[in-house]
Amino acid sequence: MEPVNDNPRQPAAFCRACGKALMPDEVQNYQGTVYCLEHMPQASAPQQQAPPVSDGAANPYYQPPPMPPQSSTSPGWAFVLGLIPGVGAIYNGQYAKGFVHALITGVLFSLADHGSGSTQTLFEMCIPVWIFYMAFEAYNTAKRRMMGEHVDEFSSIFPNSNLNTGFPVLPILLIVVGVVFLLDNLQWLSLRALKPYAGPVLMIAVGVFLLLARLKANARIGQEAHHERS
Amino acid sequence: MRPRSIVAPLLLIAVGTLFLVRNLWPEIPMFEMFARYWPFLLIIWGSARLLEVLIWHFTGRPLPVQGVSGGEWIVIVFLCVFGSMSFWGSNAYSRWPNSRISVRGLEIFGERFEFPVNAEQSTGKASRVVLDLGRGNVTIVGADGDKIKVTGHKTIQAYNQTDADRGDKEAPVEIVPMGDQIVIRTNQEKIDKNRRASADLEIAIPRNMSFEGRGRYGDFDVRDIAGNVEINSENSGVRLQNIGGGAKIELRRSDIVRAVSVKGNVDIKGRGQDIELEGIAGQVTVNGSYSGELTFRNVAKPLRFESSNTEVRVEQTTGLVKIALGNISAENVQGPVKVRTKVADVQLRDFSQTAEVQLERGDIEIRPSATHGRIDAKTDNGSVDLVVAPGARFDLTATTKRGEINNDFGAPLKVEAEGRNSTLRGSTGGPAIHLETQRGEITVRRAGQSETAPPRGVLPKKLPEPPAPPVPAPVQQ
Amino acid sequence: MNGVNVQPVSLMRAVRGPILLITIGTLFAIDHVGPYSFSTTWPALLIVIGVMKLMERATSSAS
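Protein chains in written order, with our numbering: chain A, 1 to 230; chain B, 231 to 707; chain C, 708 to 770.
Rather than coming from a laboratory, the hints here were simulated on the basis of the structure.
The model shown is predicted, which means the values in this text are computed figures rather than measured ones.
Treat each hint with caution, since some may be false.
Simulated crosslink set (DMTMM-like; lysine to aspartate or glutamate; CA at most 25 Å straight-line) [to be verified]: (1) B:Lys420 <-> A:Glu124; (2) B:Lys377 <-> B:Asp393; (3) B:Lys420 <-> B:Asp449; (4) B:Lys631 <-> B:Asp610; (5) C:Lys760 <-> A:Asp152; (6) B:Lys377 <-> B:Glu341; (7) B:Lys478 <-> B:Asp610; (8) C:Lys760 <-> A:Asp184.
Let the hints inform the model, and build the full structure from the sequences given.
Below, the structure is given as structure tokens:
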């Protein structure tokens with residue numbers, strides 16, 4: 001992930017009305033709310049352009065002006081469209097994600113159709129879960145966009161902050177799952193036969209992960225203690 | 231200012247070139263090639279983008295946030311959907327023979343356990359045997375006597391012997407009389423899906439019975455039966471030999487259907503690759519889409535082939551009718567002959583009676599026998615060649631809207647040109663021959679005349695010198 | 708990495724799309740002309756995505 005201050009043209013804020021990314025010099029403030037030049041409400045209100053931050057701080061009961069209705073995104077629609085593979089994400093303007101969603105759905109269906117034995121039932125169970133995941137994700141994303149937050153192309157329900165520091169769980173999980181399924185598909189190894197080992201191995205993996213996390217945290221505490229002492 | 235990608239214009243050029251090729255060399259089956267090779271467009275596209283990004287990076291220009299933009303992804307999705315559809319629509323399943331090979335030696339978990347199968351039953355009054363096979367290969371042979379004998383073995387995939395034994399008990403091979411038919415069941419559906427079962431059987435049935443087979447995956451081999459044969463399977467190769475009745479074959483996928491000496495009608499439906507029929511005394515009807523080669527030899531009664539965009543009819547085949555992707559030929563057949571398709575080269579040789587050929591794109595070559603009737607040959611884009619016997623009688627009208635007419639026959643044929651249109655007319659008193667192309671040349675020759683025009687695309691004798699290998703440029707640092 | 712290399716992070720990001728595209732193209736090509744169908748080879752996509760994520764991480768932590 002890109003560090004926030006790496007790019008000098010990083011937008012400073014986003015317009016409440018249209019969601020457009022704004023450079024520091026384009027930001028318009030109106031009663032404590034950021035707008036772009038286009039959607040800046042006419043300053044015909046009796047009170048003159050008060051300094052926004054102090055206004056908000058001075059009057060905690062002051063209600064910010066009602067948010068202008070988002071013309072393009074509604075979470076309800078996003079949820080409904082999200083039930084159709086890929087469409088929810090496209091509705092949210094995340095085209096690549098829509099493609100990936102559609103692709104995953106297709107793969108799931110073909111697996112449930114072609115797979116044999118337990119893999120088949122596994123994928124059959126995965127399909128409804130996945131479809132509802134897509135719907136909820138589209139709902140969530142639409143909600144965040146409505147709130148004026150900027151969403152990344154590959155945003156997800158799970159927060160991916162401080163992804164940089166921790167152990168790379170997701171990539172390794174992807175690779176492991178990919179390798180296992182590839183070997184299974186090529187019939188070089190059978191998932192059915194691995195099933196009895198799956199539970200214990202999973203437990204061990206989670207245990208190792210937690211152990212590493214604790215050790216790291218302990219080491220940090222130790223270091224801080226050391227710093228304080230010196 | 232970020233640099234803008236040059237991939238989109240390049241793609242446009244590529245698409246333009248494709249259409250140009252399509253118009254210049256219509257005999258190249260562009261659609262089929264697209265259906266098969268479209269994924270390489272994705273690879274080229276991705277490689278071009280990658281190269282571009284790397285070049286920008288190493289020349290120190292700013293990079294785009296995304297290597298492939300949202301709009302491009304949409305185009306890619308459409309390409310994938312359209313490509314897959316055209317692939318499955320045009321010539322699907324050609325890879326089936328390959329994917330049947332399973333990597334047996336490398337199966338680490340799960341073994342194959344084999345169980346012998348031995349069953350016998352007298353047929354009584356039944357006149358028909360029905361086999362419900364599921365997976366496996368089966369050979370049906372007509373034999374003397376009135377008993378059905380099933381031999382062979384059953385394979386069950388399991389992790390241990392007890393599992394396999396249980397599977398064996400759950401899926402017995404049974405022979406059950408049911409009214410006037412006898413049903414042979416392998417009961418494979420009764421085992422749970424984790425233990426895949428299959429049966430390789432050899433079944434001897436009384437010669438005069440009919441046979442009906444239903445299967446999911448595996449080959450049917452039927453020999454020496456006097457009754458009818460009916461086969462219905464999801465994925466099978468079918469071989470029939472010496473069948474006294476008719477044959478009705480319906481397959482969702484197949485690599486080959488071969489039938490040799492069948493007395494009754496042969497009716498084939500579905501999808502597959504190759505079809506080979508020889509010595510059929512009844513009518514032949516083939517309906518569906520086939521990606522390989524279809525050959526028909528010695529069909530005594532009418533032959534009819536129909537797919538989504540091709541129709542071939544021949545009254546009687548003493549020679550050979552061959553239908554392949556992009557090429558249809560018939561030799562030594564009795565008419566009326568009818569060929570209608572979109573893209574293919576068509577050759578008709580030694581046919582009697584009338585002939586009708588209608589193409590959208592492709593070359594036509596016609597050599598009628600002396601007893602031919604009316605001939606109508608029409609292509610929108612391609613050449614038409616007519617070769618007639620020196621003393622043949624006919625009444626010719628040949629028109630090209632755009633192209634040359636070569637009259638190697640000579641008098642009494644005469645060319646009338648009118649702008650881009652040319653028409654060749656003439657009569658020696660006989661049935662009408664009507665040739666027409668929108669675009670392409672028309673040639674009329676006498677048989678035996680030396681074929682003067684060299685075939686197209688012949689390479690010159692001496693190849694040009696290959697360019698010298700480039701001198702590596704001095705490395706700059 | 709040499710001196711020209713200013714932004715390794717955004718290079719990995721920019722390269723992500725093209726590599727994914729090439730992988731998808733290759734898998735479909737194998738599906739159409741090779742011995743394995745797409746339903747067999749799809750996990751390769753997961754592996755490629757995983758490896759790219761790992762590399763992104765490696766370059767970003769190196770800078």
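| field | Earlier hints that do not hold, by number | value | When the structure is compared with the hints, numbers 2, 6, 7 turn out to be violated.
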